[in-house]
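Chains X and P supply the protein sequences, listed in that same order. Using the numbering used here, you'd call the opening residue of the first sequence number 3 and step up by one each time. Using the numbering used here, you'd call the opening residue of the second sequence number 116 and step up by one each time.
In case anyone wonders, no lab produced these hints; they're calculated from the structure. Wrong hints could be hidden among the right ones.
Label-pair ranges, simulated between beta-carbon atoms [as the list claims (entries may be wrong)]: (1) P:195 / X:93: 54 to 62 Å; (2) X:57 / P:173: 39 to 47 Å; (3) X:142 / P:173: 37 to 45 Å; (4) X:142 / P:147: 49 to 57 Å; (5) P:150 / X:14: 14 to 22 Å; (6) P:172 / X:116: 47 to 55 Å.
Computed from the model, here is a short list of chain X residues facing chain P with C-beta under 7 Å [what the hints assert, rightly or not]: (7) 15; (8) 16; (9) 19; (10) 22; (11) 90; (12) 123; (13) 158; (14) 161; (15) 165.
This one's a predicted model, so the numbers in the text were calculated from it and none came from an experiment. A virtual CB, placed ideally from N, CA and C, is assigned to each residue, including glycine.
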Amino acid sequence: MRRVPTEELVTLLVRDLERTRRIPRLRVQFAVLLGVGALVSAFVLAYRGLRPDALALLLSGDAFTLVAVGLLAAALGACVAALAFARPDRERLARGGLLCGAGGLALAVGIAALCFASAPHAVGQAEVRAALACGVNGILFSVPLSILAAFLVSTGSPRRLGITAAVAALGTTAFGALGVHFACASLSVWHWITGHALAPVLGALLLVAPIRALTVRWERGR
Amino acid sequence: MALAQEGDKAAYECLLSDILPALRSFTRRRLGDDVAAEDVVQEVLLSVHRARRTYRPERPFEPWLFAIARNAIVDFQRARGRRKEEALPEDDVLQDVSAPPGPESTGAEDKGNELSPALDEALAKLPQAQREAVVMIHVEGLSVIEAALRARVSPGALRVRAHRGYRALRALLGRPSP
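With the hints as constraints, model all of the structure from the sequences given.
What follows is the structure in structure tokens.
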């Protein structure tokens, strides 16, 4: 394969230069994602209705609160991380966001699982079906937000597309799952863990390929 | 860089020429190998070119540039590790099956420009991205950098496409892998 001297490469790059649209500030993109994420959660609540004891449960500080805080951490942290991964000089912020999001969610699920283990009960088929329904609901409501996240990520230059897409899917699905968590009437800790807290993980697995494909498509078009 | 984002070619040329010594010194210090360092410098320049829209003028330029350089070094070291583990087939499959030189031909002048019907047919069966890579490098004689610029992918990605293309060609033409 023929090689080009570096000085000649500079000339080639200069010749190839075109006016380019600068990426928006990270905080602007994050605010857009956060705003639409809040709308998604609000839409889920409007569609399914807020559970009557939501505030009391939230203030109780038990597994319900932990799952809610974990989902919020996942939503905020993973969305920041996905946007930051698309900028070369923001990798530290990206790692911090990922740690905050995935770590927060894992910690919340872990402690909630301990709560469940201290008072276990048999899990029937109906409960598995209900958990799956809640999980799928949370993911479906998040699809428009995931598309928006793919678009915002494509305005940058993500180095590891697969990881960036998975993190974006995790964060955006967490918004939908958060809405579902406040709307679902279940009192089972097992259901909160599997149907709500683990929905972003399932969402990341299911949505990573489409988000990646959309990002590649839009990035090439720029 | 802000001017380059506006399309100012003179400012861009000035910027790229200015950063070259710092990049060379940075990569040589990290890799300890002048040839490898120069390869990485080229990768960095291409990455700067592709990622130029991600620079924000209110943030300092050096951390942005050296983050790209650090990533390029890491990618280069990973790729070098992979190449050691798995020897990739070379493009001699094309030389093997390119049009045989006629009696008046020295062979060298035709190399890479004419394709035998078998190779032509095999090329047509390759996925588009691999075919493009093989054709740009072997038939059109472009360098990896020039081909990567045209295909709007990194040189690494283009090399992988080309190598996969060579491997697929080898299989299609019934040639054993080296």
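| request: Provide an ascending list of the numbers of those earlier hints which the structure does not satisfy. | output: Going through the list in order, the structure violates hints 1, 12, 15 and respects the others.
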